[in-house]
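Colleague: One line per chain: the protein sequences are A and B, in this order.
Sequential numbering of the first sequence, starting at 1, is according to the numbering used here.
Sequential numbering of the second sequence, starting at 1, is according to the numbering used here.
Derived from the structure by calculation, the hints contain no laboratory data.
Cβ coordinates follow ideal geometry from the N, Cα and C atoms, glycine included.
In silico lysine-lysine, BS3-like type, Cα no more than 30 Å apart, as pairs:
#  : chain 1 : residue 1 : chain 2 : residue 2
1  : A       : K327      : B       : K82
2  : B       : K92       : A       : K276
3  : B       : K269      : B       : K289
4  : A       : K148      : A       : K279
5  : A       : K279      : B       : K92
6  : B       : K14       : B       : K51
7  : B       : K419      : B       : K48
8  : B       : K82       : A       : K279
9  : A       : K148      : B       : K57
10 : B       : K419      : B       : K326
11 : A       : K34       : A       : K126
12 : B       : K51       : B       : K39
13 : B       : K289      : B       : K48
14 : B       : K12       : A       : K148
15 : B       : K14       : A       : K148
16 : B       : K51       : A       : K327
17 : B       : K14       : A       : K276
18 : B       : K36       : B       : K48
19 : A       : K393      : B       : K92
20 : A       : K393      : B       : K82
21 : A       : K279      : A       : K34
22 : B       : K48       : B       : K12
23 : B       : K284      : B       : K415
24 : A       : K327      : B       : K57
25 : A       : K327      : B       : K92
26 : A       : K393      : A       : K374
27 : B       : K216      : B       : K227
28 : A       : K279      : B       : K14
29 : B       : K57       : A       : K276
30 : B       : K51       : B       : K269
A few chain A residues that don't get close to chain B, going by computed Cβ distances all over 12 Å:
#  : residue
31 : L238
32 : L312
33 : P367
34 : V372
35 : Q455
Chain by chain, the residues:
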Amino acid sequence: MTHHPLLFTEAEWDFAALDRVYRAIEDIALNELKLDIYPNQIEVISSEQMLDAYSSLAMPLMYSHWSFGKLFAREAALYRAGYSALAYEIVINSSPCISYLLEENTMTMQTLVIAHAAFGHNHFFKNNYLFRQWTNAEGILDYLAFAKGYMAACEERYGRDEVEAILDSAHALMDQGVFRYNRPPRPSRDRVLEKHRKRHEYEEEAYSELWRTLPAGVAPPSAPPVPDTEDDDDEMKLPEENLLYFLEKHSPTLRAWQRETLRIVRTMAQYFYPQKQTKVMNEGCATFVHHAIMNRLYDKGLIGEGALLEFLHSHTSVVFQPEFGDKRYGGINPYALGYGMMADIRRICEQPTDEDREWCPAFAGNPDYMTVLKDAWANYRDESFIGQFLSPKLMRDFRLFALHDRAADPAYQVSAIHNERGYRAVRATLAAQYDIGSAEADIQVVEADLKGDRQLLLHHRMHRGIPLHEPTKSRVLAHVERLWGHDVELEEIDDEN
Amino acid sequence: MTQFIDRRLNPKGKSLANRQRFLRRARAQIREAVQKSLKDAAVADVEKDRKIRISTKGTREPRFRLDPRQGGDRDFVLPGNKDYVAGDEIAKPKSGDGGQKGKQAADYAEGEDDFEFTMTQEEILDIFFEDLELPNLVRTTLKETPNRAWKRAGITTAGSPTQINLVRTMRNSFGRRLALKRPGLTDIERLQEELETSERDDRPTEERSSRIAALKEELARAQAKRKWVAFVDPVDVRFNAFTEQPVPTSQAVMFCLMDVSGSMGEREKDLAKRFYMLLHLFLKRRYAKVDIVFIRHTHDAQEVEEQEFFYSRQSGGTIVSTALEKMLDIQRERYATADWNIYAAQASDGYTQSGDARRCVEMLSNDIMPLCQYFAYIEILDEREMEVFASEDSGAELWRAYRTIAAAWPNFATKRISKPADIFPVFRELFGKAEALA
Numbered sequence: 001m002t003h004h005p006l007l008f009t010e011a012e013w014d015f016a017a018l019d020r021v022y023r024a025i026e027d028i029a030l031n032e033l034k035l036d037i038y039p040n041q042i043e044v045i046s047s048e049q050m051l052d053a054y055s056s057l058a059m060p061l062m063y064s065h066w067s068f069g070k071l072f073a074r075e076a077a078l079y080r081a082g083y084s085a086l087a088y089e090i091v092i093n094s095s096p097c098i099s100y101l102l103e104e105n106t107m108t109m110q111t112l113v114i115a116h117a118a119f120g121h122n123h124f125f126k127n128n129y130l131f132r133q134w135t136n137a138e139g140i141l142d143y144l145a146f147a148k149g150y151m152a153a154c155e156e157r158y159g160r161d162e163v164e165a166i167l168d169s170a171h172a173l174m175d176q177g178v179f180r181y182n183r184p185p186r187p188s189r190d191r192v193l194e195k196h197r198k199r200h201e202y203e204e205e206a207y208s209e210l211w212r213t214l215p216a217g218v219a220p221p222s223a224p225p226v227p228d229t230e231d232d233d234d235e236m237k238l239p240e241e242n243l244l245y246f247l248e249k250h251s252p253t254l255r256a257w258q259r260e261t262l263r264i265v266r267t268m269a270q271y272f273y274p275q276k277q278t279k280v281m282n283e284g285c286a287t288f289v290h291h292a293i294m295n296r297l298y299d300k301g302l303i304g305e306g307a308l309l310e311f312l313h314s315h316t317s318v319v320f321q322p323e324f325g326d327k328r329y330g331g332i333n334p335y336a337l338g339y340g341m342m343a344d345i346r347r348i349c350e351q352p353t354d355e356d357r358e359w360c361p362a363f364a365g366n367p368d369y370m371t372v373l374k375d376a377w378a379n380y381r382d383e384s385f386i387g388q389f390l391s392p393k394l395m396r397d398f399r400l401f402a403l404h405d406r407a408a409d410p411a412y413q414v415s416a417i418h419n420e421r422g423y424r425a426v427r428a429t430l431a432a433q434y435d436i437g438s439a440e441a442d443i444q445v446v447e448a449d450l451k452g453d454r455q456l457l458l459h460h461r462m463h464r465g466i467p468l469h470e471p472t473k474s475r476v477l478a479h480v481e482r483l484w485g486h487d488v489e490l491e492e493i494d495d496e497n
Numbered sequence: 001m002t003q004f005i006d007r008r009l010n011p012k013g014k015s016l017a018n019r020q021r022f023l024r025r026a027r028a029q030i031r032e033a034v035q036k037s038l039k040d041a042a043v044a045d046v047e048k049d050r051k052i053r054i055s056t057k058g059t060r061e062p063r064f065r066l067d068p069r070q071g072g073d074r075d076f077v078l079p080g081n082k083d084y085v086a087g088d089e090i091a092k093p094k095s096g097d098g099g100q101k102g103k104q105a106a107d108y109a110e111g112e113d114d115f116e117f118t119m120t121q122e123e124i125l126d127i128f129f130e131d132l133e134l135p136n137l138v139r140t141t142l143k144e145t146p147n148r149a150w151k152r153a154g155i156t157t158a159g160s161p162t163q164i165n166l167v168r169t170m171r172n173s174f175g176r177r178l179a180l181k182r183p184g185l186t187d188i189e190r191l192q193e194e195l196e197t198s199e200r201d202d203r204p205t206e207e208r209s210s211r212i213a214a215l216k217e218e219l220a221r222a223q224a225k226r227k228w229v230a231f232v233d234p235v236d237v238r239f240n241a242f243t244e245q246p247v248p249t250s251q252a253v254m255f256c257l258m259d260v261s262g263s264m265g266e267r268e269k270d271l272a273k274r275f276y277m278l279l280h281l282f283l284k285r286r287y288a289k290v291d292i293v294f295i296r297h298t299h300d301a302q303e304v305e306e307q308e309f310f311y312s313r314q315s316g317g318t319i320v321s322t323a324l325e326k327m328l329d330i331q332r333e334r335y336a337t338a339d340w341n342i343y344a345a346q347a348s349d350g351y352t353q354s355g356d357a358r359r360c361v362e363m364l365s366n367d368i369m370p371l372c373q374y375f376a377y378i379e380i381l382d383e384r385e386m387e388v389f390a391s392e393d394s395g396a397e398l399w400r401a402y403r404t405i406a407a408a409w410p411n412f413a414t415k416r417i418s419k420p421a422d423i424f425p426v427f428r429e430l431f432g433k434a435e436a437l438a
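Excised from the complex, chain A in its bound form:
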């Protein structure tokens, strides 16, 4: 082994050291692990800025709304009281991929975080099919800038209360504001041009000689951009699962800027939709990558033993899975499960047992575990990944067991445990647990009586007979009524039984 000098020896970081570390990590990530990433943009921020970022859905730009202020106040109180530590990093699915590093991190932690976020998450964002199909990494920052400006212009023009009311209602329907199965039509090039032309026309119309009398440097109030008209076929297609889309297109009472507001909120919802479905994989991928890179850095003699130990301490606490009765238990830790499964895939490739050959014939003993992992990262989401790759060994390690819960019964029933008879059932149950389709309420618009009394009829198609939470249901319905402007009825349909 050749002896490089260490990349850093001090706990304090500086920009020169960050740069050395970045280049060393890049070398390993691109040339050894062969990751495929967006260009990186790494920003160092203070703890207050980290709280800022938390409270705007971890986006660098966001329109203003009280709910973000509430989130900030809550997070800040928890943080100051010492109940919660701040995340070491936040990473944004955009191109360039923006990672935030907290200034309080030690040099070792900065190294870990760069490997984790700027390479691990970055690779996942760029390659996973959900992100590729559903989000537009190049456009998101521009879109956010547009949204922020648009909402601010609306506040100025229509008043804060009006805007706040619409945003409140739209936020209440965010979970029902995504297309789950088919992608909405993208605006064609001609339509984009048409939009620009219309906007230009509007600005000309709105031009007033009076603005010329403003002193230099004072910009006249900007006109709110003309709302999109790209897919305004008036034909109503029912049933419709995307409530925000439906209300945007067909609500009889909304004004143009209100429709545009709904559009902004559902665009955000759609942007976050892949992240919800890939928590385990995304964190698993990033954790696996940082683990591999940190160990390689040590093997190459680029970081010292102290740094390695500090990294391992942090790593093990990140992938710690408390047992279900533990007071620290807060559900299955996505870092633990994701990293566990990916490390297990590597083991199955490198040292397969007979059991592995039986359960995972497709890749047990495959000499190139990175190809297997990259294929998984690219083509699966949590549900399908667990259904396909969770091995009996890992189920034993986690001591997973499945429970059956009938609301009417006083007790849960253990339906399967980590043994020969139970593996398949446990795996299937866990996979289903990560299926957003069954974890979230399936609500659709089924009828809108535009010619008659304008009543809107929604159906909640119950999955296995589970009803909606009653108090929140009525509150959300009040929001739907505000957006629709007339009566709204919600029926809960149980057609499975």
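Given the structure of chain A, go ahead and fit chain B onto it with the hints provided.
Modeller: Below, chain B alone, put in the same frame as chain A:
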């Protein structure tokens, strides 16, 4: 191409707009919480950052969510099996939903529980003032940081051109010119004149031509020297220096007098407390140091701690003059008028033993008012009494007696109040004076 960007110096308060919107949204809950919190606060503590606990009613963010406890069935997986085998039963916990991950997420999305956050003193004061219905101008006066003024602090070598000190600069310049023997304009003129006369002389001799050459050389040297040695050089320039210093303000003592006999209930004390808080806030703007003395009285008076002042009860009759006596004693003992500005604020429900009012008037006009900057008296009534005593002229004995003092002393204020918004007018003149001074 990777870039590291240092964002730490970016302007702070990016989420300020969101915070303002949140405070506005939760206004009703926050007001309630602030009032409650101020009730327990010390008079001098209004101006502090303060933790507030509010209910999330009004800031709910509802979403549709499933409620598996109400019906249907489901399966889920837990880690950490100990010794269960298939077919075992586990009793459901009484509350919560079995430790499923839904719980945390649900609380988060729904936010039914109270939550706590810190409000800055500015935000607290806004709410405090809103209740008291202070005019805006006064609000700004009160929220201002203590007066500071720019004071001369000698001379510096760096500064802005507007603060150049010409006298000093020219003195330095003159000294330097002298030391370096910079030829003056008169020297040059003298040389030129001499040169001209020499040249005009049309009898060229050896001696004269060498004289001319010498003169020319001397002139050239002088002119060059004037160029090297500038008239005003940067090293001469001096600027007036200023530093910001707090305006020296003297100290004040604030006497809080209150009747604590049985007739003063919770509501009356709460109103009185706000009255004291406001006076204290105001005094703190004007004086670097403000002492507070709490004197409570029934049929006799005692100096007490703040806690006792507001929260303990005493039985007995009501003799107001005892409190005034106590105040005078304390003032003589500890607060000499030469060093202290004296303010007094008295709260009462207006009852006193008959005959005592005359004694109060005597003490006030002979001993107290000459010492006091300001004496404010509030009589706390309930709404019904307020209607009965609609006219300023009618009232109980003490009120009528105090009216005569108010007529004689401009720095004596009286007012009847029954709700927080009535408090401010008591101080109107006081603030009016401050505005006139500002």
